[in-house]
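J.: Okay, here's what each chain looks like letter by letter:
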Amino acid sequence: MKRTVPLIIAGTVGFVLIVSYFIPYTESWGEDAMTWFNILAAIAFVLGAGNLVKMHLKKISDQQAGWGYSAITLAAFFFTLIVGMLKIGVTPSEKYPTNAWAGPYDQAGSAFRWVYDYLFLPLSATMFAMLAFYIASAAFRAFRAKNVEAIALLTTAFIVLLGRTYAGVWLTDWIPEESIGLEADALRLDNVTGTIMNTFNLAGMRAITIGIALGVASTSLKVLLGVDRSYLGSTDD
Amino acid sequence: MKPQTLGWTLLMVVGGAFLIGRAVLTGAGTVYVQDVEIEVEIEDEAEEEAQVVTLQRVEQVPPNARSEPGVRLSYVHTFGLWVAAACTLGIFSFLWGDNPLYKVTEAIFVGSSAAYAMVVAFWSELVQNLCGNLLPDLMRETLIPGLKVEEPNLWYLVPLVMAIMLLWRLMPSGGWISRWPLAFFIGATAGFRMMGYLEADFTQQISNTIMPLIVTGADGSFQFWASLKNMTIVGSVLVCLTYFFFSVEHTGPVGWAARLGIWVLMITFGASFGYTVMGRIALLAGRLEFLFDDWLWLIDPLGRRLDM
Amino acid sequence: MYTFLRDLDRRWIFLLMGIVATVPILAGWRFPEDPSPMVRDVFHAIEDLPDGSRIFMAYDYDPASQGELHPMALAFTRHCALKGHKLYFFTLWPQGGPLIQQNIRLIERNFPDYEYGEDYVNLGYRSGQEGPIKVIVTDLRKSVAVDVNGTSLSEIPMTRDIRNIQQMDLIVNVSAGYPGTKEWVLYASTPYNIETVAGCTGVSAPYLYPYYPEQLAGILGAIKAAAEYEYTLIEEYPQLKDDPTAQEALRRMGPQLVAHVTLIVLIIVGNTIYFVGRSRGDVT
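Residue numbers (the numbering used here), protein chains in the order written: chain U, 1 to 237; chain F, 1 to 308; chain D, 1 to 284.
If you're looking for bench data, these hints aren't it; they were derived computationally from the structure. Fair warning: this is a prediction, and the values are worked out from it, not measured in the lab. Possibly wrong hints are sitting among the right ones.
[What the hints assert, rightly or not] Heads up, incomplete: computed chain D residues facing chain F, CB under 10 Å, no partners named: (1) S204; (2) K224; (3) T245.
Where a beta carbon is used, it is the ideal one built from N, C-alpha and C, also for glycine.
Sequences are here, hints too, so could you generate the full structure?
T.: Now the structure itself:
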């Protein structure tokens, strides 16, 4: 019951989706399965939020180190949740002006949108902007031309870095369009970058893509046939 | 006082004085809005004349429109702008080292983003697709007035039951109950991904690689560069695949091919590194522009403060 | 000097990076662009469609990638509106909704003749990562019954006759990662042969090249491609030349150039320290 039924469910839904791919008559079965899948994905957000609350409440009740930050996390969570669920500050849409709940939850001017614009957006964008600093530090400390492979990687990186800005044009603009009957401008950095991307990068990534595709197909098949049961977790409960 | 503490204190004082100076002298960090009234006519079958409902909206306007009629300073948005700037600087402060300001901003980020995702999922998927199909009449009268679903679709009881089972995971006992919906999730993912990857990333990629090695133009002339490019692509894909193929020992010709494959992959990774750098710098430039333009008014690339 | 550089605190590198990104922004440095053939392919995929074509604007990005992708998305929206295409906005990212609204704001400000429901519609967000693609590619209403305002798709003129996204003339996808361009290629463009163009982050651009040109009609990779796209747009529509809102990516190329050169210098200096250290027996 605890392990057999999940295996049957996984196998059945997986094969329904495979069959719906080949047989037009079963297309709507696949659509229904995917609609349910999407609803479950939405529930996963609720589950994630529930876990977050549970974890931080425990941290606060145990007075663990840094519990004050957990309190801030929960305060931010509940503030966002309440203004979003109650659609605070949302005005009705023009189509249904008498229905206060019909306006979009993220309408400009609403409290939820305030949270997005002035809290979530700057925090999220800055988190990722920080990577510019760390990539510079890593370039200085870790990027070493220790062997031929590393030199190939570094040289390509230099060409792409220059070729994808005006520096590439400025440095190699002197190369004539044609010389001794050949298209010499192919040697300009911006063109070399294009060649690297469209030829070597394309080929390398294609091989990786093919490899990943085979990996995904075999893993999926193992799951559907019940060979891979790791997603069921331990056998204790 | 320690030299480091002194340095920070000085920085705070000078920075604070600069900010106050900017705010007082130039009005930097303020947001202006305009109240917009939208009149909507609604037809009531009982009434002969159409009823007019006025909707109030608030729109942000550029600062150089602040003297226009109807435009006012928005305290809510101005406060928000300073909060956003503080959050930006709070995250950046991690560059110096871990500190309480960073931890506070991080905690706010975690809390608000979890709730944000939950709210969005609730309104866009659970209300519209789950409740909209199970309780169409109720939804039409309350949350989705434009819903056209007439009869309840009882098939949607299946995802409802699975949703409850999934949430059971939060309970202290009976966590195994969530395995059923989890199995549905995993099985569906395996099913659609297997077909998707096999078609687009396997067979189609092989098909894309089957290209003419000798390219000729419309007039039948031999195209050297196009032919060289195609040969390089085909050859490079093959040598890279050889490198990934571990069922044959990488010695002799296979070893040489695998070695060539490594070089092609190194070029690929070098290109990826270049592009990654490009992306990261763009993100940083975006944040700096926010600080210098929206907050401090040091630059005005969009001409929002012209003639002020 | 060697010891100083070897033991250099990483915060000096951070400061240097901050300065090289700040100075060009404050100075407003701009550089000319020369659009690559790939960018021209993307441009023509939209430009060559008959006016009023149906375009599915799948904007799958969030604030974390806004600095890189928002200029690109705005350029796509502006281009499509200039051509008078019908735009169907949709996102697979929960945080993508307000960014779509900013694109719609651009339409409202610059194209007063464009009418909601007639010329553009906001279908909003749907959860399930790539799940919604699998549904809307064969039955749009099963996943999106109403738009963001709660209006049924059968009441909106431009969606009334749409059964699924196979009826679109083009998918324009702006992607910050997963779910994004790869998923649109896997579940829409490849199996149903729907013409697709993509704009993506620098991190994911190299991974998408294997799909070009058979499965993707073109790829805009990172801010540089966005700048080239804006340049092409200005070339074709000269009225945009004096509009600073149409040149956001072009403006960003200033800090980009200086930072790229700085990074190269950092790698060279780092390697010099490494080799000097090795010759002195400091490192293995």
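J.: For the hint on D/T245, does the least C-beta distance to chain F fall short of 10 Å?
T.: Hint holds; D/T245 Cβ to chain F Cβ min 6 Å, cut 10 Å.
J.: May I ask you to test the interface hint for D/S204 with respect to chain F, counting a Cβ-Cβ separation under 10 Å as satisfied?
T.: holds, 9 Å
J.: Taking the closest Cβ pair, is D/K224 under 10 Å from chain F?
T.: holds, 6 Å
The structure meets every hint from the earlier list without exception.
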